[in-house]
Structure formats: structure tokens, C-alpha cells
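Engineer: Protein sequences appear in the order of chains A and B.
Quick note: the first sequence uses our numbering, first residue 16, plus one each step.
Quick note: the second sequence uses our numbering, first residue 50, plus one each step.
If you're looking for bench data, these hints aren't it; they were derived computationally from the structure.
Here a beta-carbon is modelled for each residue, glycine too, at the ideal position from N, C-alpha and C.
Some clues are possibly wrong.
[Claimed, not checked] No farther apart than 30 Å at their CA atoms in a straight line, the calculated lysine-lysine pairs in the DSBU-like style are these:
#1 B:K64 to B:K222
#2 B:K74 to B:K235
#3 B:K474 to A:K363
#4 A:K383 to B:K222
#5 B:K237 to B:K74
#6 B:K437 to B:K222
#7 B:K158 to A:K363
#8 B:K189 to B:K74
#9 B:K74 to A:K363
#10 A:K383 to A:K51
#11 B:K222 to B:K178
#12 B:K437 to B:K235
#13 A:K383 to B:K64
#14 B:K237 to B:K178
#15 B:K437 to B:K237
[Claimed, not checked] Chain B regions said to be covered by chain A (calculated; three or more residues, Cβ under 8 Å):
#16 88-98
#17 143-154
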Amino acid sequence: MVDLTCSIAGIRSPNPFWLASAPPTDKEYNVVRAFKAGWGGVVWKTLGDDPPIVNVNGPRYGAWWSGDRRVMGFNNIELISDRAFDTNIEEIARVKADWPDRAIVVSVMFPLDEQVWRKRLAQIEATGADGIEINLGCPHGMSERGMGSAMGQQPDLIEKVTRMAKAATKLPVIVKLTPNVTNILPAALAAKRGGADAVSLINTINSIMSVNLDAMAPEPTIDGKGSHGGYCGEAVRPIALHMVGEIGRFADTRGLPVSAIGGITRWRDAAEFMALGAQNVQVCTAAMVYGFKIVEDMIEGLAQWMESKGYARLDDFVGRALPKLVDWKFLNLNYVTKAHIDQDLCIKCGRCYIACEDTSHQAITASKNGDRHFEVQDDECVGCNLCVEVCPIENCLTMAPMQGGNDPRTGRAIEQGHADWTTHPNNVMAGATTCD
Amino acid sequence: MSAPRDVAGKRLPAKQYADNFADLKPPLNAHQAAVESDRCYFCYDAPCTQACPTGIDIPSFIYKIRSGNLVGSARNILEENIFGSMCARVCPVEDLCEGACVRNTAEDKPVAIGLLQRHATDALLASVKPLFARAPTSGKRVAIVGGGPAGLSCAHRLAMLGHDVIVFEARAKLGGLNEHGIAAYKVKDNIAQREIDWLLSIGGISARTGQRVGVDIALAQLRHDFDAVFLGIGLGAVNALGLDGENVPGVFDAVRYIEDLRQASDLSSLPVGRRVVVIGGGMTAIDIAVQARKLGAEEVTLLYRRGSGQMGASEYERELAQSHGVNVRFWSQPRRLVLSNGEAVGIEIERTELIAGKLVATGATQVLAADMVFKAIGQTLVPDALDKDALGILDASAGKLRVDENRRTSLAGVWAGGDCVAIGKDLTVSAVQDGKLAAIDIDRFLRA
Chain A
16 MVDLTCSIAG IRSPNPFWLA SAPPTDKEYN VVRAFKAGWG GVVWKTLGDD
66 PPIVNVNGPR YGAWWSGDRR VMGFNNIELI SDRAFDTNIE EIARVKADWP
116 DRAIVVSVMF PLDEQVWRKR LAQIEATGAD GIEINLGCPH GMSERGMGSA
166 MGQQPDLIEK VTRMAKAATK LPVIVKLTPN VTNILPAALA AKRGGADAVS
216 LINTINSIMS VNLDAMAPEP TIDGKGSHGG YCGEAVRPIA LHMVGEIGRF
266 ADTRGLPVSA IGGITRWRDA AEFMALGAQN VQVCTAAMVY GFKIVEDMIE
316 GLAQWMESKG YARLDDFVGR ALPKLVDWKF LNLNYVTKAH IDQDLCIKCG
366 RCYIACEDTS HQAITASKNG DRHFEVQDDE CVGCNLCVEV CPIENCLTMA
416 PMQGGNDPRT GRAIEQGHAD WTTHPNNVMA GATTCD
Chain B
50 MSAPRDVAGK RLPAKQYADN FADLKPPLNA HQAAVESDRC YFCYDAPCTQ
100 ACPTGIDIPS FIYKIRSGNL VGSARNILEE NIFGSMCARV CPVEDLCEGA
150 CVRNTAEDKP VAIGLLQRHA TDALLASVKP LFARAPTSGK RVAIVGGGPA
200 GLSCAHRLAM LGHDVIVFEA RAKLGGLNEH GIAAYKVKDN IAQREIDWLL
250 SIGGISARTG QRVGVDIALA QLRHDFDAVF LGIGLGAVNA LGLDGENVPG
300 VFDAVRYIED LRQASDLSSL PVGRRVVVIG GGMTAIDIAV QARKLGAEEV
350 TLLYRRGSGQ MGASEYEREL AQSHGVNVRF WSQPRRLVLS NGEAVGIEIE
400 RTELIAGKLV ATGATQVLAA DMVFKAIGQT LVPDALDKDA LGILDASAGK
450 LRVDENRRTS LAGVWAGGDC VAIGKDLTVS AVQDGKLAAI DIDRFLRA
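Given only the sequences and the hints, what does the whole structure look like? Please build it.
Structural biologist: See below:
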């Protein structure tokens, strides 16, 4: 029996699946439904100082769909909670009292005013909530007022606001980072310097979902005009994985607890973030698309996978993939792979062929003895993986590492040892390259 | 078996007819088309295209449906097959494009190419704009004999290429089997005529209906008056059963009956037997059997002298018949018509079997009562149009016209295509390809 209980920055929850600060955690009604469905915790939708902000009354969301209208990417222009501070506080207190085993973290966004932080965080502390998350990521609306990602893009402000929050409460403080930066590390470092107990990432990405070509206006369109919004959903997951991984592998941020966010839809997504060092995960878009019930698969699937791998607790695999995340320059240039087509699985669509022929290395042939037949030519294959990626059938096209002999493409012998760019003769900087 | 034959109209409640003859495969709506088009893998050198007798670039037209470019999609279809809308309805796709779809390999469920083709072409027909422009006029004139799919495909391509075309059609309406032969539930809303109206909107094509070449005007005259002639005369007669009494009342020509059905303004007025026997194993046999059921026949038995594997009709068509309650009896051939008072009231059938590759009668017989017996054992060329000079192009053994790969006959200035020629399958789509290829060759000839 595996143990899914989770602890991050001293905040405990029965499982690592939290709902992120967003519409699903806007009020008591939704949060109670989420807890009934099995979610381990929630980050309550961001509270601001009174008077509450207002939202647009037209569309708040946009989406990018697959052909059968599966939501691949999603964006929003909703702002933080538009309800009075005290209303939220009352509800948080009630829900926490009713669901003591679940984590309730309260997301906040205030201007840089020490008085406000002290007053409001004290009120939040009194609800029995488990922690604070500082929203430094909201990329639309609030950022125009100098908050959200406007703060999150400036490391000195991140540090300052984190310090202000830490001074105002004894609760653990999680700093939610914006991905709208070229490098996530300065932001994470600033949070750490300010005393953050953890960071959460990623918040949403600046985006325009689409352009309505009839109205000649961005979507979602509000009375003929549109604004950039925050991009999320499955499409952003690779970006989030990278940023989480960077924090985990960089020496100065390593060990800073991470609550991962970004397109998590299935248990496997959560396991991947955790393998890259996240202590837990937060979900929003998948819940908004499918409802709260998806947590059932997340819990079951993660538990079954852990059991199959012999992991008893989350800590047994958290960060396990981090040592394997390296700079490009450390990748083994002696590792030679060749694509291989399983002819029994091949449906003869020819996508591998045309992709390779038109855009890559002309390493796949399209006929054999006059018949439609696709085969990799090892003497042309550079092992790029394009054919694997475009093949519609799982496991039909695979990459097989060469174990010995000569690479028929280069004619060179397959070397057994490791050799990378740092020692390559073509690297004029070879002597100057060092490992961090 | 002496009771009078029970043949009557109005066997069904009046409103039942519309339901029975509703669209067999309803069109895709926009959402269904988006979902289905997303299933296409956009194969390289696509097997579906290779399987299409007209060579439509199927992955491209589906890609364009997915992108919302329905005009471009229709162009991909119609530039190869000007009857793309009809073919989307009547092609045996399970044997052609959809049968070749690579999705069959992994999931046994091809992309619904036929329905997608209909989606794109119907949208275009609704706009009634010509999609293709005519080349500058060549001053050349071509006569087309027969206004069916082959003739009109040839006419359209010739018009595109800048030639002027006159179509001689024996019937009162253009369309050939599209208008007179295809099962009614496959071609709703007057689609055959609407497609022809659209096709003719390119200009340069005039039609002379009610003009039977060989009767009203001689082929020699056409050869004299025009720069080239295309024969798309189809197969004008049905094969005989070779039984005594097959011309008595009670025995019907399935093709003629379907023609009446297609032209009927009130389906309930069509007399149909209570018990119907259909003889044949091709598409026409299925069409008459299913439509007899839809008209209210209580028992319809289809006799085919071989097994399901040899049947001309596709598996889909056979299952269509069976799902409509048609009793398909394989290995059964007619032996004798049962006559009473000079009318056929039944049929004696005999079991057959294959012995050493040869079909033989077993001697086991049975009599089936029938109010109507339909002959649907294939059609045959009526060579009326061929005058003395032209008889040489008839391949006597095949009973069809002999043409080369460009659909040119051995008679100077004469091309032929469609069901009347000896190459290709007797399918609408093959006829369209014949007409197209002939037009391209005629154009080469006229410009030489």
C-alpha cells in the first residue's frame, strides 16, 4: 500500500493533488465539492484588498481545440476574486473547520503596503488556513496596476513582497511565479532570499488565443475588443516542466520546495513534475474542462504506478529525474540511435517517409520491389526522432541505440565511453567549459 | 398458384413513403465533418487516392475541410471528378477509397471519405458558382452521344479546354443512370439534376434531349459535322434470363422499373408485388430488392447463383439488403417460370454448387410464389448508334466498345467511355474518368 500523503513547506494534505488558485476555488460551494471529490487541497482564489475588483461581463475564456474540440490550450482574462474580503474569509474558516485534513492555502495579491499585508494576513491566519500563496503571476489586468506579474517580473520586488508577507504572518508562504520571464531562476532566487517557504509555478503565459477574422478582433472578444490573457492547459505543460526542472537542478535554488502547476491533466503529468523535484501539484484547466472527478484517476493512477515501481512514499521518487536533466553540452555524442519500423504494426500511411524526405535526412524509403513499404536506411538516418514523432501508431517506430560496430552513416566505430561537447575537438572553447 | 398476382400501389400509409426513401446516409453536419476530417492522417502518396478511379487528392480535400476551406476542398474533388457530389453518394467506397484507408489496419474503421466528399461538394453546389473557367475558345466543336456521367464529364472537360460541345441525349432529361438508375434513397433532393445544372453553368455546352443517335441522327452525320465525337451510350438493355415466358406479364426489367421509380412524382402510386423475386447479384439487383421492400413488398427474395464472395454487389450493399429484410439466397438459379393464365406467378429455382471451379445445378428444386419477378442479371449494349462504318469498334466477345487507354476507338475522330466500353468497372466514377481522359485526348487531337 503506497502512502500518498504530502507535505510541502509544512503544509500537509492526504494526497499531492491541489486545485490551483483560480475559478474552481472561488468560493465555499466549489471547494466543498472539490473536497468531496477527493482533492487533497486547494489554493483559494486570490484575495485582494477591498473594495473588490470587478470582472468583465463578457467572455473571460478562450480555447484552442483539436478537431474534435478537445481543449488543447486555454486562456483567461478573469481577475482575482471579485468578492468582498470578509466574505471569502468567512467561507475559508468554515470550510477549514469542516475539512481539517485538507490543505487550504490562501492566495493573495496586495499592493506594496506593509499595513495592508499585516492586517489581511492576520485575518487569513485566524481562519485556520494552512498557508499563504503570493500571486506574482497574474499576467492580465492586475499587472496593469503594478501587481501580479508586474511584480513577479522584477526580482527585487519579489524579494521585497515575500519579506513583507513573511513578516506579517507565521503561516508558510508560497510564492507563485510568473513564466513571463526569459529565465525563471532570478525570480526563484529572489523568493528564496525573501524567505519563501516554497515556490509554485507556472502561472499563466501572456497569450492571444486567436483572432476573430470576421470581427477583426482578438478572442475572447468583449464588445469588439480583446486583451491578452493567461495561457494554460495541456499545451503549456512542457514550458512548466522546464521551469520546474531548472529550479530543481540549479545549485542555489535546489531544495526550495516546489508546487508544480501547468497543464496537469492525468496522474502521469503529476508524476513527471514530481520526478523533476516538485513536492506536489496544482491543477486548474483540466478541472475546468472535465470537472472535479478527474482527481479519482490522478489518485488511483499515481498509486498504482508507485506500487508497480516499488515507491512507498512520494519522497521516494520526487526529484529522481533531476540528476538526468543536464546542459546540452553534457549529452553523450557517442550515443548513436537508428529509427526502426515494426513492419507488423506499420499501417503504411507514409508520414514518416514524407517527413524525412521533405524536411530531414532522406533516410526512409517508400517502396520495396514495387510495393508500398517503408523502411529506414541506416546509412542516412541521423537518429533525429522526427519519424517517431509523426507516426500515428504507438511503438511502430522506435529508436534503437547501436551497441557496437560502425555507424553506417559516418563509417565510424561506435565508441563505448562517454564523449560530449566539452571535450570535442571542434569545440574551440573546450578548455573553458566547466560543469556548474 | 392460380390466384391472381397481388400487385398494387399504396401498400403503406401515405407518410411512410417519405420515411422509407429518406437519405440512406444522412450528410455530416459541420461538427461531424470537423471530427471526421481530423481523423485523416494525410498519408504520403495516399492509398485512398490510388484506389480512386479518378485519382482525387483525398488527403488534401480532407485537410481543407478541417481548415474550413470548403471551396478549395471542393476544387480538389471536382477538378478530378466533376460528378464528385453524386460519386460521394453512390461510389462503393468500401471497395475503393475507404477500403484502402490505412485506418483500417489499426482500427478497422476508415475515415468516412464518402461523407466528407459529400460535405465539401454539397456546400459548393449550394453556392451554384462555376469553379472552373473556360480556356479561350478553340473554335472546335465536339458531339457527345449520351448525356450520362461519361458524356457530361467529357463535355465539361472539353468546355474547360475551350471547345464547344453539343450533347445528344435520347431521353428527355440529362443524367443517364445518375438520373434514371441510382437507387432513390441515395440521391435525395434532386441532387442529380442540381449537379448537372452546376456542371453546365461553365458554359459552352448545349444539350439536345430526345435525340437518339442512330434513329434521329446518324453517327456518320455527327462525324461529318463535328471535329470529334464521344460515345457515352451506356448499356441500353437488360440481359435475358433465357427462360420460356420471360416476356409475359409478371416479369419485369429491374432497370426500367427503377427508372420509373426515379421519375415518379408519387411513390405510393407505383404498383409493387406482395411477394417479389429478384434475380441477379449486382448493384441493380440490390437496388430493386431494397426499393421493393421500401415500397411495401412483404417478401422479397434475391436469388444469386453463386456465393457472397462472387457477388458483384459489395458487402455493404448486401448487408443493406439484408438489413432491409431482403432474403438473399445464394447458390440458387432460376429454372422455370411458373405461368398461370399467361402470367408469371412464381418461379422454380434450383440449387447450384461449384464443382472443380464449374457452376453446376444440383437438381434440388423449389418453387417460390411471386407476384413480380425482376430481371437484374446485367445489362447489355444496344448498338443502335453504330452505323456500318462504326461496327468495327464493337468487341463482339465482350459485347462492348473497344478503346485504348485514352478512350479512343479505332474509328477516326471517335472516342468512347462509360459502361459501354470494355475497360474499367461499370461504376459512375469510372465513367467520369473515361469522359475526362477522352476529353484530354480529344483536346490533344484537336490542337495537333
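Engineer: Could you run down the list of hints and mark each one as holding or not?
Structural biologist: Here's how the hints hold up against the structure:
Between K64 (chain B) and K222 (chain B) the alpha-carbon distance is near 28 Å, which keeps this suggested pair within the 30 Å criterion. As the CA atoms of K74 (chain B) and K235 (chain B) are separated by approximately 8 Å, the hinted pair is consistent with the 30 Å bound. The hinted pair formed by K474 (chain B) and K363 (chain A) meets the criterion: a straight-line CA distance of about 26 Å does not exceed 30 Å. Pair hint K383 (chain A) plus K222 (chain B) does not hold up; C-alpha atoms about 50 Å apart against a cutoff of 30 Å.
Proposed proximity of K237 (chain B) and K74 (chain B) is supported: the alpha carbons are some 10 Å apart, at most 30 Å. Taking the CA atoms of K437 (chain B) and K222 (chain B), the gap is about 28 Å. The hint holds against a cut of 30 Å. Between K158 (chain B) and K363 (chain A) the CA atoms are separated by roughly 15 Å; this keeps the pair inside 30 Å, and the hint holds. The hinted pair formed by K189 (chain B) and K74 (chain B) fails the criterion: a straight-line CA distance of about 42 Å is larger than 30 Å.
Between K74 (chain B) and K363 (chain A) the alpha-carbon distance is near 29 Å, which keeps this suggested pair within the 30 Å criterion. Among the hinted pairs, K383 (chain A) with K51 (chain A) is inconsistent with the structure: their alpha-carbon atoms are about 59 Å apart, more than 30 Å. A hinted pair counts as satisfied when its Cα atoms are at most 30 Å apart, and K222 (chain B) with K178 (chain B) qualifies at roughly 22 Å. A threshold of 30 Å between alpha carbons decides the hint, and for K437 (chain B) with K235 (chain B) the separation of about 40 Å lies outside it, so the pair is violated.
Restraint check for K383 (chain A) and K64 (chain B): the C-alpha separation of about 58 Å exceeds 30 Å, so the hint is violated. With a C-alpha separation of about 21 Å, the suggested pair K237 (chain B) and K178 (chain B) falls inside the 30 Å cut-off, and the hint holds. Of the pairs offered as hints, the one joining K437 (chain B) and K237 (chain B) is violated, with about 42 Å between alpha carbons and a cut-off of 30 Å exceeded. Check on the stretch 88-98 of chain B: 8 of its residues sit with their Cβ under 8 Å from a Cβ of chain A, so the three-residue criterion for coverage holds.
Counting residues of the stretch 143-154 of chain B whose C-beta sits closer than 8 Å to any C-beta of chain A gives 3, which meets the bar of three, so the coverage hint holds.
In this structure, the earlier hints numbered 4, 8, 10, 12, 13 and 15 are contradicted, and the remaining ones agree with it.
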